[in-house]
Every structure is written in structure tokens, then in C-alpha cells.
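**Student:** For reference, the chains in residue letters:
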Amino acid sequence: MKNRRWIGYAVFVFVAAWLLAGSVGLQEYYVGIFPKYFCYAIVGVGIALAWGRGGMLVLGQGVYFGLGAYTMGMYLTLSDLEPGKIPDFMSTNGRSTLPLLWKPFAHAWFAIPAIVIIPMVIAGVIGLLLFRQRVRGPYFAIISQALAAAFVIVLTAQPAFTGGSSGLSNFSAFPVVETGQLREVYIGVAVALLLAFLLGRQLVRSRFGRLLVAIRDAEDRVRFLGYDPALFKTLTFMVAAGLAGVGGALYVLVVGSVTPSLLGVVPSIALLIGVAVGGRASLIGAAAGSVAVAYASSTLSDWSPSSWTYLQGALFIIVMVFAPKGLAGLISSGRDGLAARRSKAPAPVPAPADVAEVGV
Amino acid sequence: VANLINPLVIGVSIGAILLLVALGLTFTFGQMGVINMAHGEFIMAGAYTAYVLSDLFGRMAIFVALPVAFLVTGLMGLILEVTLIRHFYGRPLDTLLLTWGVSLILQQLARDLFGAPGVQVDVPGWLQGQLTVGGVVVEWVRVFDVLLVAGCVTAIWFYLQRTRQGRRMRAVMQNRELAGVSGIAASRVDQRTFFIGSGLAGIAGVALAPLGAIVSTLGQSYIVDAFLVVIAGGLGQLRGAVFAALALGLLNSFVQVWTDASIAKVVVFVVVIAFLQFRPQGLFVLRTRSLT
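Taken in order, these protein sequences are the chains called A and B.
Just so you know, the first sequence maps onto residues 7 to 366 in this note's numbering.
Just so you know, the second sequence maps onto residues 1173 to 1464 in this note's numbering.
Hints may be right or wrong, so weigh each one.
Reference listing, derived: stretches of chain A covered by chain B, where coverage requires no fewer than 3 residues with Cβ under 8 Å from a Cβ of chain B [claimed, not checked]: (1) 283 to 296; (2) 307 to 317; (3) 326 to 340.
Computed beta-carbon distance windows for the label pairs [stated by the list, open to error]: (4) A:L201 with B:A1288: 52 to 62 Å; (5) B:R1411 with A:A220: 36 to 46 Å; (6) A:A329 with B:L1247: 24 to 34 Å; (7) B:R1339 with A:L201: 56 to 66 Å; (8) A:S310 with B:L1176: 17 to 27 Å; (9) A:S102 with B:F1235: 51 to 61 Å.
Far from chain A by the CB rule (all over 10 Å, computed), these chain B residues [what the hints assert, rightly or not]: (10) R1231; (11) P1239; (12) F1260; (13) G1273; (14) S1275; (15) R1336; (16) V1396.
Worth flagging that the hints you see were computed from the coordinates, not collected in a lab.
Glycine is no exception: its CB is placed at the ideal position from the N, C-alpha and C atoms.
Between the sequences and the hints, there should be enough to build the whole structure, so can you do that?
**Tutor:** Next comes the structure, spelled out in C-alpha cells:
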């Protein structure tokens, strides 16, 4: 076991070095497009924690991604303004003063922490309300999805507050693409991804992480042992939301705009497919899968949008039927099988399914 | 008075449509615990069935479309159950993503077959126009939908409570093993449940067809609300779904009177979450001694 942990570190250092050095050796084109996918990967690490480790299928991560993105967008919009002016979309939609809700976002000391804090607080409230009442499994999934639907409707229907369906864009503070700061952006986002990964890894390795897996596999048993599953699930959900917020805020810096069309029911589920392909229970699988699927998505849908939709649908089906644990699951079960054959020991007997969980 | 009655009428009509969409889900989700995200696409398929048949049959097309759509989407559901979902019982979250994949494919298929722009079903002459009672105006189409859903609910109630097949279905839902031991072929019952549930989506699709343009994402716009109805009503509870759909429909229309449609959506969401604080299992609960 110790051996394997050592390998893990080596892989991590290699990937980290590759990610960062990539900015030097990589072609300009890739340096330009990959930071966007890294943002999805940050969200993916959060999804892997909540879904893969905690068993909470988060179908509405677009909400927290959006909260982070709009926080960043509001800050950038306000920092472009001369004092006393209001953004153009507000005046064209009939407002003459800055809404009270917007005011604090002019200050970096408020806006930057808010990227993480706002999604976490909202996720905390929703998580406590639902998990306390033992709303779980598919119920939780559907309610988180309904929240994504409602969120987008509100964003779109209140153009004087949010910019409506065209969202927030045209920030002069970060003309990233024009000024050729591509490599700086690349390194910044890659470092953020590595930090997110380290945070997730630390959580997974800790007692907290073990408890989380225990809750996923047999929530009632954990309750009988005296723990409060609702609390741990809520905390995990909050971490996932915070990571989604960071991903969203960085996305705005990289892409330079945010619109509600990125955040609804469909994009929220699209965030899951990368995690599912890479391996929901493996952080590195989730991150790599998110990047790979996002890259494949943009490449293929440029080439032929309809074939990408078919392929995406087929991916969901194939992964769920043949490899529910994703590529990482395939690799690790292959490795276990190989090790078992080499030592000529019988493969470990799988633990019996928990009776209490079958009916969920 | 008209100020109060108008939202009441609209609320009942919204509730009827919600219920129509949710009825199929009380079978597949409620009775079987399968979250079928492709249910919305079955609704879309039902609407396109109505569109195809309306050219062929003219005035009375809707009466042909109802049974045909029921069969078409029922068969789609049956195929889905036999090929994929059957292997996924006990893994509800995986089923959700699996059927999401199916729904993506069905949507794209619809776009390739019928084109991306929406198509229209002509409302037959006898359904056009409005009914005016004491200053309250109701479109005939909406009256038709309310009658249709009332008919469906009655038929389902009769089927579940008064027929042998319905009794078996309830038995499998309440205790699968015990039902199996008593000689009920549970997998056969599953297939039948899925057929009926999916078929009801087709009927909902026919009912939705005259209300607006038919597009490939038609079902998706209703499906989230419909799942909320089933959750709020209580799993597999027909009367729960009826009450929850009516309540959410009325809430929607009355909140819209004071504010606007977007706020109404949020209010509905908040009310459902608040409601689950008091009744986490929904309005009506099947009493069992299991843990969950």
C-alpha cells in the first residue's frame, strides 16, 4: 500500500510539471483554449467529491458555477465604471441607479472572497434543509436540478439586474486575449486546478473522506454509529459548490463573459459527463475526464454539432452500462486483477450489499 | 371577482397540464423508482405523433392521435426498459444519467427528422375559440386538457384499484420479494408498468401539441416541474400527484398575478423545499416499516 501512495505522489508531480511546463512548450492555440477546460475540471473535482465519494448526484452545479461567475462578472463590470455611472444594460432596461445588491461587489475585498463564500452559503442552506430531512438519492438530484432551472429563469427574466440572456461581458480590465497574457492565464488556472485537486485529495485521504464513503455506502449504519450524516454531506456539498464557484469566476477571467445559457439544466448535466467518463470516485480521473470531454466537445461540435450530441448521449449510456466507475475504475480494477493473478491469491470477496440501501 | 377567478382558472389549467405530464412519472418513478429523464422526450414524441397524424386525419386527428401516441411512446418505453433500464434496478442515480443520454439522442433524432425549427399542429375548428362564463374567458383547448386529464386519472384509478393487473402492480411496488413469492412475475409487471407510464407521456404530448410550437426540447421544459410534482405528492401516489399538481399550478398562477412568471418559478421551488421540511416523503406516504 505504501508503495502505491509513493506512485501517487510521483504521478501528481509529473502531471503538475507537465501542466505548468506545458505553457512553455505548448502551441499558442492550445495555451489559449485549455484554461477554459481547466475551469470545468475544477468544477469536476468538486463533483467527484460530492457524487463519487459522497453519493450525492449534484445535477445543478451550474448554479454555483454561475454564482461564482456572476460575482466575478459584477466586480469586473463595476471596476470598469466611472464613479456614479451605471452599466449600460441597466440604463437600457430602465434603471437609473445601481441596485443595492450590486453595491458591495465594487470592492475587491468583498467580491473576491464572495466567489467562494456565496456558493458555499447557498449550498449550505439548501444542503442542511434537505439532508436534515433525509432527502437523498434521486430526490436530492431532482431538487438540485430544479434549482438550476429556476436560477436560469430568474437570471434571464431580470435583465435590469443581471444583463438578461446576454449576461455580463465586455470587461476592459481583463482583455486577456488581446494583450497576449495567454500564458499567464494558463499558468494561473492550472495552479488553481492543482490546488483544487490537492484540497480534494486531502479531504479524501482524511478521516472525513472515509466517513463520506461510509455515508455513501450505508448512510443508516453511519447514523447508528453516532455520526450525523446530514452535517458531513452538507459540508461536502459546500466544498463542491465552492469549487464550482472558483471554476466559474476563473471562467469569466478566461473567456471574458458569462451568460445564463452556460448554467441551466443541460450545461449542469454536461459538467457530469466528463466526471463520469474519467471516473467519478477518482479525483484525477474526474479532472482529466472533464478536460478531455470538454476538449472533445468543442472540437467535435465545431466539426458537426449533431454528431457530438449523438456521441454525448452514447457516452452517457456506454459509461453507465459498461464502466460505471469510469476509466479510472477500469484501470484500478485491471491493476487489482493483475496483482491478484501475480500473487496467485484469490481476488478479494466483494462486501455484501447493504440491505438498508437497496430500497433507496 | 373576476380578478380572483381568472388566476383560478389558469391555475387549474396549468395544474392539469402538470398532472398530465406527471401521471406517467407516477408509474415509472413512483411505482418503480426509475428516474426516466427520457420521459420528456416521450412527451415530445407524442406531440410529433399528433403533428404527423394531423395531416392525415384532419378534424378528428386528435382522437386518432391519443391512442396512437399512447402505443408509440409506450413501445418506446418498453424497448428502453427491456434493453437498458432492466439492468439498472437499485441504481437510481445511474439510471438518471443513462436515460439522460437516451434523451439527448432522441432530441437530436427529432431535430434531424423534423428539423430544428418548431412545427405547429392546427387546432381543429371545434377546439378553437373561447368559452365565456360570467366574464371569465377560457380557451376550449384548456377545457379539453382538463377533461382529458380527468379522464386519464379516472382510468388509472380504475386500473390500479379495480383490475387484477393493477393489483399486481401495487403488490410489486409495495413489496417486490413478497409479490414474487406469491407467484407474480415481477419483471413482466415492470414491463407493463413502464409501457403504461411511457404511454401516458404520449397522451400528454398530444395534449401539449396545440398549445404552442413543437420543438425537440418540448418535453425537457416540463419534465423538471413534473418531477417536483411527483416528489411533493408522494411517490407512486395518484391522489398525491393530483393534489400537488393542482396546488403548484394554482400557486404559479396566483404568484404571477402579483409578480411575474420568473418569480413564480422561484416561489414554487421554495415552497416545495419548505414543504419537504414538514413532509419529507411528500403529501401522501405509503406506510412501510423500512428505514427510508
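**Student:** Would the least Cβ to Cβ distance between R1231 of chain B and chain A come out above 10 Å?
**Tutor:** holds, 36 Å
**Student:** Mind verifying the non-interface call on V1396 of chain B? Its CB should be farther than 10 Å from each CB in chain A.
**Tutor:** violated, 5 Å
**Student:** Far enough from chain A: is every CB of that chain over 10 Å from the CB of P1239 of chain B?
**Tutor:** holds, 29 Å
**Student:** Does S1275 of chain B sit more than 10 Å from chain A, CB to CB?
**Tutor:** With a cut-off of 10 Å, S1275 of chain B comes too close to chain A, as the shortest Cβ separation is near 7 Å.
**Student:** If I claimed the Cβ atoms of L201 of chain A and A1288 of chain B lie 52 to 62 Å apart, would that claim hold in this structure?
**Tutor:** Taking Cβ atoms as reference, L201 of chain A and A1288 of chain B lie about 42 Å apart, which means the hint is violated.
**Student:** Beyond 10 Å from every Cβ of chain A: is that where the Cβ of G1273 of chain B lies?
**Tutor:** At roughly 3 Å from the nearest Cβ of chain A, G1273 of chain B sits no farther out than 10 Å, so the non-interface label is violated.
**Student:** Are there at least three residues in the segment 307 to 317 of chain A whose beta carbon sits under 8 Å from a beta carbon of chain B?
**Tutor:** It holds: at least three residues are needed, and the segment 307 to 317 of chain A offers 3 whose Cβ sits within less than 8 Å of chain B.
**Student:** At the C-beta level, are A329 of chain A and L1247 of chain B separated by a distance inside 24 to 34 Å?
**Tutor:** holds, 29 Å
**Student:** Beyond 10 Å on every Cβ pair: is that true for R1336 of chain B relative to chain A?
**Tutor:** The claim stands: R1336 of chain B keeps its Cβ more than 10 Å from every Cβ of chain A (closest is about 26 Å).
**Student:** Does F1260 of chain B sit more than 10 Å from chain A, CB to CB?
**Tutor:** violated, 7 Å
**Student:** Go check the segment 283 to 296 of chain A versus chain B for me, would you? Three or more residues, Cβ under 8 Å, otherwise it fails.
**Tutor:** Violated, because only 0 residues of the segment 283 to 296 of chain A bring their Cβ atoms closer than 8 Å to Cβ atoms of chain B.
**Student:** Do the Cβ positions of R1411 of chain B and A220 of chain A conform to the proposed distance bound of 36 to 46 Å?
**Tutor:** Taking Cβ atoms as reference, R1411 of chain B and A220 of chain A lie about 38 Å apart, which means the hint holds.
Checked against the numbered hints above, the structure breaks hints 1, 4, 8, 12, 13, 14 and 16 and satisfies the rest.
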